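Chains Z and S supply the protein sequences, listed in that same order. Numbering follows this note's numbering, in which position 141 of the first sequence is assigned residue number 141; successive positions increment by one, without gaps. Numbering follows this note's numbering, in which position 66 of the second sequence is assigned residue number 66; successive positions increment by one, without gaps.
Rather than coming from a laboratory, the hints here were simulated on the basis of the structure. Some clues are possibly wrong.
[To be verified] BS3-like mimics (lysine-lysine), calculated; alpha carbons at most 27 Å apart, straight line:
no. : chain 1 : residue 1 : chain 2 : residue 2
1   : Z       : 336       : Z       : 410
2   : S       : 132       : Z       : 394
3   : Z       : 318       : S       : 132
4   : Z       : 228       : S       : 95
5   : S       : 132       : Z       : 168
6   : Z       : 365       : S       : 132
[Stated by the list, open to error] Residues of chain Z placed beyond 12 Å of chain S at every Cβ, according to the derived structure:
no. : residue
7   : 24
8   : 134
9   : 135
10  : 247
In this text the structure is predicted, and so the values were computed from the model without any measurement. Beta carbons are placed, not taken as given, at the ideal position from N, Cα and C, and that holds for glycine.
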Amino acid sequence: MDIIPITIPLELPAAIWFLKFALIAFFVVHILFINFMIGGTFWTVFFRMLGKEDPFYSRLAREMGNTVTVNKSLAVVIGVAPLLAISLVYTSFFYSANNITAPLWLSIIWLVALAFVALYIYKYSWDSPNYSRRFKYFWGVLAFAIFCFVPLIFLSNINLMLYPDQWKNVYNFWQALWVPNVIPRYLHFMNASFALTGFFAYGYFHFKGKNNKADAEYYNRAQRLGIKWALVATALQLVFGVINYGTLPVVADSLSVLTLIVIAVIFAGVAVFMLANNLFVKDTFRPEWVLVAILVVVSLMATLRHEIRENALREPKKILANKTELYRSRLATFLKTYSPTGEIQLTGEAIFQDVCTACHAIDRKIVGPSMEFAIKKYSDDRNGMIEFISNPRKIDPAFPVMPKPPISGKEVELVVDYLLSLEVGR
Amino acid sequence: MSQSKIRLVITMATVSWIVVVIALTFFARMVIHRFGPLPEQPIQFSHTVHVNNLNLECSYCHPYAEISTVATIPTGELCLECHEGAGIDHPEVEKMLAILEEQGEIQWDRVYQVKDHVYFSHRVHTVIGQIKCQECHGPVQNMTVAIRSAGGSSDRGFLEMGWCVSCHKRRGAPRECITCHK
């Protein structure tokens, strides 16, 4: 915790509760589109390969590819809001973590730009006879690989920021990956991307199919494929979710975290139940209900992450506030001593006011005895007073022993000379 | 299979899934909390304020760590030595004064302990072994509420034998059973 920096308290542009609310709300929307983007990119490449055998997959891959370019733009644009909010609410912790992983953290910019270019090449070279099949796939696979890697950079940063006690052992992104909870959280996220892409495909092809009755067979099959992916990946969260929670550092856990998980599991169960019925029995449940249930799960998960953040940073925040207060008081003292010539200007009286008055007053007892008493005692013993202040010890059982004051020998002398010059206690 | 049967299977499978996930979640929580619950103190006493800001030595509040087997948590009387006058407008100090007034003593939640069959002396470690408090208790000077940060405690806050032994080994301290066990 030594490594926690001080903060410069600046006024926030909005109330803290609003920033936290914006952080959660915009993050929900952002992460949904990120999930659709990652899963969608996988679908468009994977099903295009299967399309060699079955034209259904070929069409599915193309339609999914068209959604990815839209989803990725929405994900990035909406992602700006939670990024700004988190950097405002958790400034000192967020930027400290960014510093540690800086090269990779900053590489997100060019990596995402490259992924977007790759995605557009993949999309617009689809029907071109000028390029080989391998060339076309390359860009799709590259975009998917980058989309898989960038969340790992984000996650390692956001996780590292929560545990300042780890900062002294972590010098770069690769080491940040081994901070507890990063890899399990990443696996949980990636699996969620496949689950949510299944839900997305289900909803997307359902609503698209409604306006296109002639193609009912295609849309029905696409929906069912979405349901299957959603079902399998959601069921698998049993493993990833539990490992993710089980590797959470204890300081980040609380009853609210547990409660949110339980509620989210129930809602996920409800969504899965409705999906399974629609797949194996008949369309009993409206897709809107399924999508609302899964939206509730994602919102609960985002709130859960916020709870974890607040829990983990509770103690570091107190330390940050205390360090800042200490720094400011020391700075104030320094500024009093500062002069352009480098000469110490602080008088014995000023040092006394800064350091001693927390426990001593001239004319009355506070924590320690009054200075009237001390001046009387040491009126003819300047050296005795200097010796006592330099190395305090228990003398009077009525008072607690004085801690050694954080001042130099010269400053002790200035204080003693100031006190003994006072016309009191004699 | 009839539709009602399929529906029954789906219901059973979903309910089982929910139950298993929730059960495993509770199990995961036990795993997280294997180091014991975090201590919950009645007052948010800040170590960092007292050590870093006020320059107090550890032994100022825990004098027995250097002269006895147990370090002891200070009594309210020691707190009052300063806080009869100092910081009395601070909400946590107000809370402490109210507790001392009403209950006579503060019920601190114990952070570290050894089992009954273990003989452990603070004095032997701090004075003879010259071991700093932080080696076992972590950077307490930077903590607000003390947390269990060292000691390899695996059993609800009790210190683990393996952790003791590894340090004894490292420092060449005796490792016979009767050194530590009653």
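- Query: Of the hints stated earlier, which fail here?
  - Reply: 4, 6, 10
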